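A.B. asks: Chain C: place on chain R using the hints.
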Amino acid sequence: MAMLKIGQRLNTREGAVVQVERFLAAGGQGEVYEVTSDGQHFALKWYFYPTTSEQITQMEEMKKAFSLDGPFSKAPPDSRFLWPITMVSDPKERTFGYLMDLLPSKYQGLERLVLGKMRPVPNFHILCTAAIQLAESFKNLHARGLCYKDINLGGPFIDPLTGDIVICDCDNVRYNKTPGNIIFIFFAAPELIRGEGNCTSKTDWHSLAILLFYMFVRHHPLEGKRQLQINVFNELAQREFYGNKPVFLFDATDNSNQAVKGFHDSAMRNWSIYPKFLKRMFTRSFGIGLHNPDERVKESEWMSSFSRLRDSLYYCQHCKSPNFYDFEDHANGNHQSCWRCKEQSPLPMRLEIGDVTIFCTHHMKLFAHHTHQRLNFSDEIARMTQHPHKPDRWGLKNTGSEEWIVSTMEGKTLRVPTGRSLPLKHGLSIQFGSVTGRLLSK
Amino acid sequence: MTSFSEDVLFSNSQTQGRNQLGDGFSVSVQGARHVRNDTPCQDSSLYLATEEYVFCGVADGHGDKKHAMSHIGSKLALDVAHPILFDALRSLTQPISQRDWPTIQSNIEKRIRWEWNCECKRYMGEQSPTGEWTQELLNFGTTLLATCHSANGTLFFQLGDGDIAIMNDAEEVQFIFDEDDDVTGTITHSLCRPFEENVSKCTLLKLPTDVRMVLLSSDGIRDCLQGDRNRFSTILPWLNSKRDDDTDTLNKWLYSISNNGNGDDISLSIHYTTTNNDLSGVLPNGNA
Numbered sequence: 001m002a003m004l005k006i007g008q009r010l011n012t013r014e015g016a017v018v019q020v021e022r023f024l025a026a027g028g029q030g031e032v033y034e035v036t037s038d039g040q041h042f043a044l045k046w047y048f049y050p051t052t053s054e055q056i057t058q059m060e061e062m063k064k065a066f067s068l069d070g071p072f073s074k075a076p077p078d079s080r081f082l083w084p085i086t087m088v089s090d091p092k093e094r095t096f097g098y099l100m101d102l103l104p105s106k107y108q109g110l111e112r113l114v115l116g117k118m119r120p121v122p123n124f125h126i127l128c129t130a131a132i133q134l135a136e137s138f139k140n141l142h143a144r145g146l147c148y149k150d151i152n153l154g155g156p157f158i159d160p161l162t163g164d165i166v167i168c169d170c171d172n173v174r175y176n177k178t179p180g181n182i183i184f185i186f187f188a189a190p191e192l193i194r195g196e197g198n199c200t201s202k203t204d205w206h207s208l209a210i211l212l213f214y215m216f217v218r219h220h221p222l223e224g225k226r227q228l229q230i231n232v233f234n235e236l237a238q239r240e241f242y243g244n245k246p247v248f249l250f251d252a253t254d255n256s257n258q259a260v261k262g263f264h265d266s267a268m269r270n271w272s273i274y275p276k277f278l279k280r281m282f283t284r285s286f287g288i289g290l291h292n293p294d295e296r297v298k299e300s301e302w303m304s305s306f307s308r309l310r311d312s313l314y315y316c317q318h319c320k321s322p323n324f325y326d327f328e329d330h331a332n333g334n335h336q337s338c339w340r341c342k343e344q345s346p347l348p349m350r351l352e353i354g355d356v357t358i359f360c361t362h363h364m365k366l367f368a369h370h371t372h373q374r375l376n377f378s379d380e381i382a383r384m385t386q387h388p389h390k391p392d393r394w395g396l397k398n399t400g401s402e403e404w405i406v407s408t409m410e411g412k413t414l415r416v417p418t419g420r421s422l423p424l425k426h427g428l429s430i431q432f433g434s435v436t437g438r439l440l441s442k
Numbered sequence: 001m002t003s004f005s006e007d008v009l010f011s012n013s014q015t016q017g018r019n020q021l022g023d024g025f026s027v028s029v030q031g032a033r034h035v036r037n038d039t040p041c042q043d044s045s046l047y048l049a050t051e052e053y054v055f056c057g058v059a060d061g062h063g064d065k066k067h068a069m070s071h072i073g074s075k076l077a078l079d080v081a082h083p084i085l086f087d088a089l090r091s092l093t094q095p096i097s098q099r100d101w102p103t104i105q106s107n108i109e110k111r112i113r114w115e116w117n118c119e120c121k122r123y124m125g126e127q128s129p130t131g132e133w134t135q136e137l138l139n140f141g142t143t144l145l146a147t148c149h150s151a152n153g154t155l156f157f158q159l160g161d162g163d164i165a166i167m168n169d170a171e172e173v174q175f176i177f178d179e180d181d182d183v184t185g186t187i188t189h190s191l192c193r194p195f196e197e198n199v200s201k202c203t204l205l206k207l208p209t210d211v212r213m214v215l216l217s218s219d220g221i222r223d224c225l226q227g228d229r230n231r232f233s234t235i236l237p238w239l240n241s242k243r244d245d246d247t248d249t250l251n252k253w254l255y256s257i258s259n260n261g262n263g264d265d266i267s268l269s270i271h272y273t274t275t276n277n278d279l280s281g282v283l284p285n286g287n288a
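Heads up: the protein sequence lines correspond to chains R and C, in order.
Sequential numbering of the first sequence, starting at 1, is according to the working numbering.
Sequential numbering of the second sequence, starting at 1, is according to the working numbering.
Next comes chain R alone, as it looks inside the complex (with noise of 0.2 Å):
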C-alpha cells in the first residue's frame, strides 16, 4: 500500500505547501510521488519508515546531509544531476522526504540500453557523447569535494536521440570520506568491498569506468572465466571477483579470468571493435587503477577519449556498419577493414587539427574543445550541413562566433563567417582562431 494518499497536503521545511498528485514509483529506499507546490510539478521522494538501528542511523545520516552545511544546501554541481531540492516534512515525524525535478519521459534508464530494450536504439556517437556528458557531470561534482557513492546502471538516464544525459538517484551524495559507506558489490571499488577506507571521488572513478564499460561493451569488466568455475555466484564470490582479488576479462597478462568462447563472445566482440586508445584506458582501470586508486581514469580523461573516439567513428561504405578507425594502425601502415563484412572501405574526408583528427561524417560536429578550450563540448563551433539543393553535396557549417579565414591548396584565401559552409575539399586550410585545421581526403 503507498505510504501517501492522493491528494495529502505536505511541507516543505520552508513551510510551503506541497499536494501528492499520483504515485510513481518504489524503488529500495522509499516511494516516488508527483506533487505539486505553487503550481507547479515535482518529484517527491518519501524514504520508508526507518525500523531497524542501521536504518535510524541512515536516515539521520540523510538528514545531515539537508542541513544548512550539507551538499543539498547548495546549487547543484552540475544542471544534469537531479537534486534534491528541498527536504518535506512528516507531520508525525517517523520519516521524511525531498523535493526534485520529474524526469523528462524522453530519458530512459541506462539498464535498458545494457540489456538491449533501449527504443530507438541510440547510435555510437549518441552513446560517445553520453559517455562525455557521464564523464563532465561527475567531474563537477567531484571537483566540489562531493562524491556520488552509489554509481551503478540504475542513476544515469540518456534521450536515445541526442545522448544528453540526466542522473538521478542523487541522495547518497556526500562530502568526500563521509563515513557510511554504500556498496553496491557490482560497481563498488576493491578498496570498499574489503572495509578499506570511505567513498571518494576516487572511489567514484572505479564505478564510472565500470559504467562507461557496460555502456560499450555490455559486459561487466571483472565477470570472466573464474565466475564459470564455481556453482553459485554469492555475495562470498563477489566479495573475492571483486574486492579481494579482481582480475580484468582482457587482462594482457593474466588470463586467470580471461573472456571464454561460448559464454562472452558479444563481451569480445564489442571489445574488439574499438581503438587500442580506447582499450588502454579500460585495461588502466582495470589493471593498476584496481590497486591503485590514484591510476585510475580521471573523468576529463574519459571526456577526452569518448571524443576522439566519436571523431573516429565512420560507417563501412560496403555493409554500412558503424566503425572506429584506430589511427595508430594507420601510422604503423596497416589498413583497418570493416568489423562485420571483414571489407576495406574508403575512409570519409578528415580535418586534422593539431593531433587531432574527426572524420567529416554527416553528424559530425566541432567543439571548442577541438580548437582553443579542452573539455569544452558546450560552445559549437562547426557542423557538417547538407547543400540546401544538392543533398549528396555536404559542407562544414560555421556555427561558432569567429570568421573562419580557409586557403586553398591554389594559394587563394576566402573567408567563412558564422552562419556560412564551406564545401569540403581536399588540402583546405582553416584558420580557427589561433589553429589551424587541415581537410585532408587521402
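None of these hints come from the bench; they were simulated from the model.
One or more of the hints may lead you astray.
Stated by the list, open to error - In the DSS-like style, the derived pairs of lysine-lysine whose C-alpha atoms are separated by at most 30 Å in a straight line are:
#1 Lys261(R) - Lys242(C)
#2 Lys342(R) - Lys117(R)
#3 Lys66(C) - Lys225(R)
#4 Lys65(C) - Lys261(R)
#5 Lys225(R) - Lys121(C)
#6 Lys261(R) - Lys202(R)
#7 Lys121(C) - Lys261(R)
#8 Lys242(C) - Lys342(R)
Just so it is clear, the structure is predicted and the values come from calculations on it, not from any experiment.
C.D. replies: The following block gives chain C in isolation, referenced to the frame of chain R:
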C-alpha cells in the same frame, strides 16, 4: 502416419526414489516415430532422492542428424545439473534482492553449460577439457528442465521447451514459467549453443504448503496435445489419480500418447511432496 499397436517393443528408462521430502519417479519413453525409424530415445530423465535433497529432471535431446549425439547430451545434462542446483540451493538461504537475482540466475546457467561442455568433450575423448564452446558440441544438443528440492526451498531451472507445473490439494495447476515467446515451431533454446543472456529461466520458491505434486515434462506430451497448455494441465490430476498404478501401465499410456500424436519421445519427472512446509514466497522470474 503408420500406426503402431500399443504392445510394440519400445525402450524406456525409469528412476525413482523416496526421502523425507516426498517420493517420485522419472520416466523417458521412446517415441513411436523413433521406434518406427529404429532411432534411440534421445530424451533422458532423472529422479534422485538423497538424504538432503530431491532432484527431478528431464532433458530432450534434439535428435536430428545435426544433433546425432543428443541422447548422450541429454543424459550428461542431468548428470551435471543436479550437483550444481543443489549447491546453489544450499547457498541461497539469505533473502535475495531483485537486483542480485539476475546475476545468480545467469551464473547457474553458465555453470551448467560449462560443466556440460566439459563432459561432452570428455565423452569425445578429451583428457582435460575446458568448458569453452566448440562447434562439435552441437552434436549433443538438448534442452534441460530441472528442479532441486530441499528444506531451503525449491530451485527451478528451464532451458528450452517443456513445462514445469505444480498442483495443489484442490487439483489447481500452476505453471512455474511463462511460455517462451521468442522461439517458434521446432526451434528451441539448447545447451549446445553459445551462452546468451535471458534465455534460461530460473527461480527459487518456497512452495505453498498445499502443493502436492511437481511435474516436469519434455515437450513430447504437449506437442501430442497440439501444444495446448490448458489441455496439458489436465494430465496432472489424471497422473495423480493413477499414482498407485504399476509403471508398465504408465509407460504404455505415454507410448500411446506418442503414437496418437507426433511420435516424439516423452519424458516426465514427478515429485509428490509429503512435507508440510509452512513457508511461502517467491523470487523473481517465476509465476507461482
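A.B. asks: Now look at each hint and say whether the structure bears it out.
C.D. replies: Hints, verified against the model:
For the suggested pair lysine 261(R) and lysine 242(C), the alpha carbons sit about 47 Å apart, so the restraint of at most 30 Å is broken. Annotation: proposed proximity of lysine 342(R) to lysine 117(R) holds, straight-line Cα distance about 28 Å (limit 30 Å). The hinted pair formed by lysine 66(C) and lysine 225(R) meets the criterion: a straight-line CA distance of about 28 Å does not exceed 30 Å. Restraint check: the Cα-Cα separation between lysine 65(C) and lysine 261(R) comes to about 24 Å, which is no more than 30 Å; the hinted pair holds.
Proximity of lysine 225(R) to lysine 121(C) is assessed by CA-CA distance (about 18 Å); at most 30 Å being required, the pair is judged to hold. For the suggested pair lysine 261(R) and lysine 202(R), the alpha carbons sit about 33 Å apart, so the restraint of at most 30 Å is broken. Simply put, lysine 121(C) and lysine 261(R) have alpha-carbon atoms about 15 Å apart, close enough for the 30 Å limit, and the pair holds. Taking the CA atoms of lysine 242(C) and lysine 342(R), the gap is near 62 Å; set against the 30 Å cutoff, the hint is violated.
Comparing the model with each earlier hint shows violations of hints 1, 6 and 8; every other hint is respected.
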